[in-house]
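Number of protein chains: 2
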Amino acid sequence: MPSVKAERAARTRQKILLAAAEVFDETGYEKAAVTQVVERAGLTLGALYFHFGSKQGLAEALMNAQPTTIEPHLESTGLQRVVDITLVWADRMKRDPILRAGVRLAVEQGSHGMNDASSFEEWRTLMRSHLDVARADGELRAAVDPDQLARFVVGACTGMQVYSQLATQRADLMERVQDMWELLLPSVARESLADEIQVDSERVPAS
Amino acid sequence: MPSVKAERAARTRQKILLAAAEVFDETGYEKAAVTQVVERAGLTLGALYFHFGSKQGLAEALMNAQPTTIEPHLESTGLQRVVDITLVWADRMKRDPILRAGVRLAVEQGSHGMNDASSFEEWRTLMRSHLDVARADGELRAAVDPDQLARFVVGACTGMQVYSQLATQRADLMERVQDMWELLLPSVARESLADEIQVDSERVPAS
Numbered sequence: 001m002p003s004v005k006a007e008r009a010a011r012t013r014q015k016i017l018l019a020a021a022e023v024f025d026e027t028g029y030e031k032a033a034v035t036q037v038v039e040r041a042g043l044t045l046g047a048l049y050f051h052f053g054s055k056q057g058l059a060e061a062l063m064n065a066q067p068t069t070i071e072p073h074l075e076s077t078g079l080q081r082v083v084d085i086t087l088v089w090a091d092r093m094k095r096d097p098i099l100r101a102g103v104r105l106a107v108e109q110g111s112h113g114m115n116d117a118s119s120f121e122e123w124r125t126l127m128r129s130h131l132d133v134a135r136a137d138g139e140l141r142a143a144v145d146p147d148q149l150a151r152f153v154v155g156a157c158t159g160m161q162v163y164s165q166l167a168t169q170r171a172d173l174m175e176r177v178q179d180m181w182e183l184l185l186p187s188v189a190r191e192s193l194a195d196e197i198q199v200d201s202e203r204v205p206a207s
Numbered sequence: 001m002p003s004v005k006a007e008r009a010a011r012t013r014q015k016i017l018l019a020a021a022e023v024f025d026e027t028g029y030e031k032a033a034v035t036q037v038v039e040r041a042g043l044t045l046g047a048l049y050f051h052f053g054s055k056q057g058l059a060e061a062l063m064n065a066q067p068t069t070i071e072p073h074l075e076s077t078g079l080q081r082v083v084d085i086t087l088v089w090a091d092r093m094k095r096d097p098i099l100r101a102g103v104r105l106a107v108e109q110g111s112h113g114m115n116d117a118s119s120f121e122e123w124r125t126l127m128r129s130h131l132d133v134a135r136a137d138g139e140l141r142a143a144v145d146p147d148q149l150a151r152f153v154v155g156a157c158t159g160m161q162v163y164s165q166l167a168t169q170r171a172d173l174m175e176r177v178q179d180m181w182e183l184l185l186p187s188v189a190r191e192s193l194a195d196e197i198q199v200d201s202e203r204v205p206a207s
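Those sequence lines, one after another, are chains A and B. Under UniProt numbering, residues 1 to 207 are what the first sequence spells out, in order. Under UniProt numbering, residues 1 to 207 are what the second sequence spells out, in order.
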């Protein structure tokens, strides 16, 4: 059982992360100030440095927190779960500041001197684990390599998000994700399964 | 016939664009200085402002110059041409500074206050025009909408590039583009055509 002290530390960490997400999402990495983050969190600079070490450490934690904001909302398995992850992601991108800041920081990191693929690799590993289940359950066509498909889906989602944000402030992101699956499912799912997989935005829990 | 003066102006414009591409590609938008650009081009600040108006005007011109660096290298039609555009693009990203700067600026523009989807829409219009030919020539499956497919390919290429750059400094970009077509072609090309379309990097002219 976690001690009262450990629980308090976890709460403090989460408060800082949320405040930082809001600040990074609003202003981008370069213009964000750690003083602004701790003011918004109602905490001290000491707490921020204790938990995250630096502004860059905070950005890294946000980039890597992305999948944890998605997984709790899901119950499916295999290929349906991979589809669901992308649907929940498209929905949460509209209103979850931690997810939004994480994606923004990951995509724009080149412009502030970071060069870290680990948040992408984390998504890929997550997708891959569910595609391995899909493979074991006979859901995939023989030619499909779960790892390559996972890599492609992560890359495609990243780019659809950048494009959708610039073109429509993400209003059409869900539709773009659905288009992706309409294009991919006939190639990757075994014959009779492609029509069974649901790509309906109704699948996304209201949260 | 263009006058000598018009030709000189076009050459000057191109010189500035190439120098700017190198500077933006090396340092990113924020740190790039227009004085550095004109020094490298061997020209004056007056010439830069005459042709591009401002640093942001220069960045916009670079973002929109992307497709013009690809089209001269191609001769195919329809679906094969769309595949070829992405293969040439993956190859040129490794060594064409104008293309590289254009992509970098387009993806990172949020971090320097720009919000312009036009370079994405230009790629989409280009892809769409060749997919309309593919549709007219009976190359596409009935369910495929050329415009949605064009939108998806542009988004997917954007994201594959970001991910590939961070993971391998673009060493695997060509392989990722080939993976995309292996996943998409069975769904989008009419039955017997899918195997005829060539996705071989040998198709890319040596420049």
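Keep in mind that the hints were calculated from the coordinates and are not lab data. Here the structure is a predicted model, which means the values were calculated and not measured. All C-beta atoms in this analysis are idealised placements derived from N, C-alpha and C, irrespective of residue type, glycine included. Treat each hint with caution, since some may be false.
Straight line, CA to CA, 25 Å or less: simulated DSS-like cross-link-like pairs of lysine-lysine [unchecked claim]:
1) A:5 <-> A:94
2) B:94 <-> A:31
3) A:55 <-> A:15
4) B:94 <-> B:31
5) B:55 <-> B:15
6) A:15 <-> A:31
7) A:55 <-> B:15
8) A:31 <-> A:5
9) B:15 <-> A:31
Label pairs and their in silico Cβ distance ranges [as the list claims (entries may be wrong)]:
10) A:76 <-> B:50: 53 to 63 Å
11) B:94 <-> A:6: 20 to 30 Å
12) B:40 <-> A:190: 52 to 62 Å
13) B:94 <-> A:71: 47 to 57 Å
14) A:175 <-> B:114: 21 to 31 Å
15) A:200 <-> B:54: 22 to 32 Å
16) A:33 <-> B:200: 43 to 53 Å
17) A:39 <-> B:5: 54 to 64 Å
18) A:206 <-> B:14: 47 to 57 Å
Looking back at the numbered hints, which does the structure fail to meet, lowest number first? Numbers 1, 2, 7, 8, 9, 11, 13, 15 - these are the hints that the structure violates, sorted from lowest upward.
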